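Chains as they are written, first to last, in this note's numbering: chain A, 394 to 659; chain B, 394 to 659; chain C, 394 to 659; chain D, 394 to 659.
Be a bit skeptical, because a hint or two may be false.
No copy labels: a pair is met if it fits in one copy or bridges any two.
Stated by the list, open to error - Pairs of lysine-lysine residues, derived as DSS-like cross-links and limited to a Cα-Cα distance of at most 25 angstroms, are as follows: (1) 400 x 540; (2) 540 x 504; (3) 556 x 546; (4) 504 x 533; (5) 400 x 504; (6) 504 x 534; (7) 556 x 400; (8) 400 x 533; (9) 546 x 400; (10) 400 x 534; (11) 533 x 556; (12) 546 x 562; (13) 490 x 546.
The hints are simulated quantities; they were obtained by calculation from the structure and are not laboratory data. It should be emphasised that the depicted structure is a prediction, and the values quoted were computed from it without experimental measurement.
Protein chains: 4
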Amino acid sequence: MNTIGNKFRVSIFGESHGPVIGVTVDGVLPGIPLSVEDFTQDLSRRKAGALGTTPRIEADAPEILSGVYEGHTTGAPLTVIFRNENTRSEDYEAFRKNPRPGHADFTANLKYGGYNDPRGGGQFSGRLTLGIVAAGVIAKKMMYFAKFNAVLKEVGGLTDAEKWPEALKAAAADGDSLGGVVECVVEGLPIGLGEPFWDSVEGVLSHAVFAIPGVRGIEFGDGFEAARMRGSEHIDLFPEHKCCHGEHEEGHHCHHDDPDHECCHG
Amino acid sequence: MNTIGNKFRVSIFGESHGPVIGVTVDGVLPGIPLSVEDFTQDLSRRKAGALGTTPRIEADAPEILSGVYEGHTTGAPLTVIFRNENTRSEDYEAFRKNPRPGHADFTANLKYGGYNDPRGGGQFSGRLTLGIVAAGVIAKKMMYFAKFNAVLKEVGGLTDAEKWPEALKAAAADGDSLGGVVECVVEGLPIGLGEPFWDSVEGVLSHAVFAIPGVRGIEFGDGFEAARMRGSEHIDLFPEHKCCHGEHEEGHHCHHDDPDHECCHG
Amino acid sequence: MNTIGNKFRVSIFGESHGPVIGVTVDGVLPGIPLSVEDFTQDLSRRKAGALGTTPRIEADAPEILSGVYEGHTTGAPLTVIFRNENTRSEDYEAFRKNPRPGHADFTANLKYGGYNDPRGGGQFSGRLTLGIVAAGVIAKKMMYFAKFNAVLKEVGGLTDAEKWPEALKAAAADGDSLGGVVECVVEGLPIGLGEPFWDSVEGVLSHAVFAIPGVRGIEFGDGFEAARMRGSEHIDLFPEHKCCHGEHEEGHHCHHDDPDHECCHG
Amino acid sequence: MNTIGNKFRVSIFGESHGPVIGVTVDGVLPGIPLSVEDFTQDLSRRKAGALGTTPRIEADAPEILSGVYEGHTTGAPLTVIFRNENTRSEDYEAFRKNPRPGHADFTANLKYGGYNDPRGGGQFSGRLTLGIVAAGVIAKKMMYFAKFNAVLKEVGGLTDAEKWPEALKAAAADGDSLGGVVECVVEGLPIGLGEPFWDSVEGVLSHAVFAIPGVRGIEFGDGFEAARMRGSEHIDLFPEHKCCHGEHEEGHHCHHDDPDHECCHG
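From just these sequences and the hints, can you work out the full model?
What follows is the structure in C-alpha cells.
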C-alpha cells in the first residue's frame, strides 16, 4: 500500500525516471507556516553528490501542489512533487534480462508481469525517499514540541567519523560500497504516545523505516544489547523511584511483581 | 489500534485478569480444517511454567466462538478466547501509586486517567500474546506452502543452549531475569510478497513483532552485520547469475548500476 | 471487512446459530460508567417477538468480556457477546440446494465454496445487528452532548401508525411481510463533523447503515425530495443571514457565487 | 480522510483555485493500456459549459505523473493531475464574512480556524470530482468484464428529457437551479462481490457517492419503493426457481424460512 498512517497519512507516488517523485500528506494541521524553503535543510541532508552517495545530482526543488494557501497549511491534503531531471536514456529494459542482485529488478519484473517501470528501479528506487523527507519536514512542524536528531554513527563498521572518508574512497575505488548505522534521538514526546495493541511507537516507526531501501535492522533503547543484560541492568528507574535499602546504584533496580514488597515503597 | 493487517486482519482484546483474552481473525480462507487441538502445539511453546518463564500457570484452553462450522473454517470472522483462571486477588490498585519500572503501569495510568485495568498489567500484559499465537496457528494453516521455524538462539548472551539452565537459575536466585534472542526462518514464501511503498515484508512483520512486550530490536537477513559488510559481501547473487570473468567467488559480486557493463551479461 | 471506523472502530463476529454474536469496540474513551443494564433499553427496541418481527425469542443478555473495570470503561478494546440459545436443529444444509430468494444463501454458498455456516443465514443473519446496537449504546455514551432519536415512520406504505397492526396481521396471515421506513434525528452534533474528501457524515453513516440486512435506500435532509426542489427552496439560510432587500421569505434565498453581490452583504 | 478503498485505493488532493486537482490510485493492475485520451469521454460528460452546468470552462487535460510506462499501467501508484486555469482573482476572503448558504464556506472556516483556502470552495469544490472521474476511468478498465451506464433520469422533477432545456432556462433566468436524479446500471458483476460485515456493495458505493457535493440520497434496486412493497413483490426469484404449485406469477414468490416447505422443492 502506498499510504501509511492513521491521523497523519503519507502517500507516496512516482518513479525514479518518471516525470516526478511525489507525496501527499493528509491530516496536516491548518495554520502552519510552510514554504518551499522549509524543505531545503532536510533535503540537503538527503542530497546526492557527497562522498559515498549516488553520483546522480538533482535540483530536488519541491513544488507544492495543494494544501498551502497564503503561506500557511490549510488542513487539506498537502501534495509536494519533485521533478526528475537527470534521467538517463540508457537501455534499462536490459534490467529485465539481467536483473541487478540486491535490487528489486528481478522481483518487480515477475510481480508486475514485465510491466513495471525498470528505469532506475522505477518505484523501488531510493529516490522515492524524497517523499519521506518532505513528509518528515511537515511532521516536525506539527510536532514543534519535540526535538529530532538523526546522525550517522557508523560507516563500514567504523565509529570514528574521521576515518570515514578514507574508507569510502577505498570502497569506491574497488567499485564497492559500505554499510552504515544511523541513530535518531527524539526528545519531548508526550507520555503515552502510541496505541495498544499493535501501534506501539516502536511498531509504527519500524513499519515506516523499513520502507527505506537497504535498511536491515532497527533497535529501540538498548536494542539487541538488552538481550545480553539482566533485567536489573536494563530496567529504567523512574527518577523519583528510590530503592529503600540503598543497595542498588542508580540505573539498577530489583523488579518484583509484588507491589507490597518493602523495596518498592519509595 | 487493536487491529492489524489488510487481507488477514487480527484484532486482539482482553486483559490479564479480566474474564478472557481473545482474538478475532478476519480474512480467513473458508474450508480449512480447524479444531481446538490445532492450537495445542504452538500454545504449549508459549506456555508458562518452564524454567525462565512466568510462574503463572493457566490451562490456556482455546474456545472457538465463531468462524468454524463442522470442523472447517467458514470464511467468517474467527474468534478464539482463552478464559483467565489463575487471577490473583491482590491489591493491584497499589500499582497506580507504585508503578513497576519497565512496565506500562505508569504510562497507562496517565494515558487512561486512572481508569485502566491495573490487574497484572491489564491490556498491556504479556498474556495478550495468546491471541497472537492463536492467529499465527490460523495463518500458518493458510500458508501451508511455507515452513516457519522460530527458535531461541541466545539466552543471557549465551549461544550454547546447554548453559542456559544454569544461567536462568542463577538469575532467578537473584530475583533477576535474562534477555534472549529468537531467530525465525521462513521458507517457501512466494516471490514478490509484500507491497510497495510501505508494506515491505520487513515493515509489516516488524510492526507486528513490536507488539510483543519486551522486544527491543529486529533484524532481517544479515541485520546489523550488513552495516559492517561491503556491498560485495552483503549482496545475494542470483543462483544462475555468474560473473563472466570468474574473478569473484560465489556469494560475492560486483554490483554495477550499468546493465551494459560486460561483467553483467551472464 | 468485519471492522468499520477510524477513531471508533467496531468489529463484528458470530453467526446466527453459532455459540455467540459479538462485537469488539476499539477507541472507547476511558472512564465512562458502563454496565450490562445500559444495553437493555436499546436491545429491547431491537428485540424480536413484537408484531411484525421474527418469532425467534432470545434473552439477548449482553456479557462484557473486556474493556470494563469496576463499572467504568478502561479505554481498552471492549468486547460484548450475546449467547445464542434458541437455535433450531433443522436441516439447514438444505439451504445449499434450495437457497432462499432474497437471502445470502445462494451467494454465500458460492463465495465460500460451500463452507459457510448455513444455519439461519450464518454471518449474514439479521441477528448480527445485536453487535451494532451494543456498539451504538457505547457510542451514544461517548457522544453525551448529542441526542439521537430513531423512529419508525412508515410501515407497508402507511404513515398512520394506528393502521400498522392491521396491515401487519394481514401480511402475516398471507405468509408475507411489509417494508418500512425509519427516520433518525440527531441533535447537538459539533460543527464540522466529518472529514473531507471521502468521509462526510453522510458517506460514513450510509456505509454503516447498509450493513443492516434489507436496507435499500438512505436519504439525508430533504433526500430525494431535494431533486424536485429549486435551489432556492432547498437552501438552508444561516439564521442570521438576512437578504438585504427583504424580497425573499424565510427559508428561501438567492444563492449567488459572487460574494460582492449586493444581496449578500447581510 | 482523502483516501478510500481497500484493494483499489483512491486519494484525492487539490483545491478549486490552487495549482491542480489530482488523484492517486493505488492498486492498479499492471499491463493495462492507458493514455490521456482514455479519459476524454468520461471527462467530457462531466464537463462544464452545457446547459444547466457551471459556466466555468476549463481544458481539463489530464496529465499522468506516475504509474504508466510505455503506454501501460505499471502497477505502481498512478497519479493524474488537472491544472486549474480559469481561476478568478476575486476577493474570496469575503466568503469568510459572508459564507454562502448550502456551501462549506462557514463550516470550513470554523473547522480550519480560518486557514482553509476559500477560493471557489477550496477542497470542497465540486471541481474535485475530476479526480473521481479519472479514478473511475481506470477502475472501468480493470473491470473490463462489467458494463457501467449512468444516465440522467430526472431534472427538476421532470422525467421527460425533452422538457429539461426549458426548465433549466427558466431556472437560470430566475438565478436559480434545479435538482436531478442519476441512475447507474452495472452489469456483469461477479457473484459474491462485497465483503461482510460492513463492506456490502451498497455500503462501499454509498460511502463514495456521498463525497460528490450535493448528493442527498441513494437507493439500490427498488430503493424506497421496496418499503411500500410486500415481501412477495420485492423478492427476486432465482431464474430456475419455480414454485411447484404454479400458484404464483413470475417475479412473485412465497418466502418461507423452512427449506422443507413443499413449495420450495423446485
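Status of the hints after comparison with the structure:
1. 400 x 540: within (20 angstroms within a copy, 27 angstroms between copies)
2. 540 x 504: between (40 angstroms within a copy, 22 angstroms between copies)
3. 556 x 546: within (12 angstroms within a copy, 34 angstroms between copies)
4. 504 x 533: between (35 angstroms within a copy, 22 angstroms between copies)
5. 400 x 504: Classified as between: cross-chain Cα gap 16 angstroms, same-chain 31 angstroms, threshold 25 angstroms.
6. 504 x 534: Between copies, since 20 angstroms is at most 25 angstroms while 38 angstroms is not.
7. 556 x 400: For residue 556 and residue 400, the Cα distance exceeds 25 angstroms both inside one copy (42 angstroms) and across copies (48 angstroms).
8. 400 x 533: Both: 14 angstroms inside a copy, 23 angstroms across copies.
9. 546 x 400: For residue 546 and residue 400, neither the intra-copy (31 angstroms) nor the inter-copy (38 angstroms) Cα distance is at most 25 angstroms.
10. 400 x 534: Close inside one copy (15 angstroms) and across copies (23 angstroms); limit 25 angstroms.
11. 533 x 556: For residue 533 and residue 556, the Cα distance exceeds 25 angstroms both inside one copy (32 angstroms) and across copies (47 angstroms).
12. 546 x 562: within (18 angstroms within a copy, 37 angstroms between copies)
13. 490 x 546: For residue 490 and residue 546, neither the intra-copy (38 angstroms) nor the inter-copy (40 angstroms) Cα distance is at most 25 angstroms.
Figure legend: structure checked against the earlier numbered hints; hints not met, in rising order: 7, 9, 11, 13.
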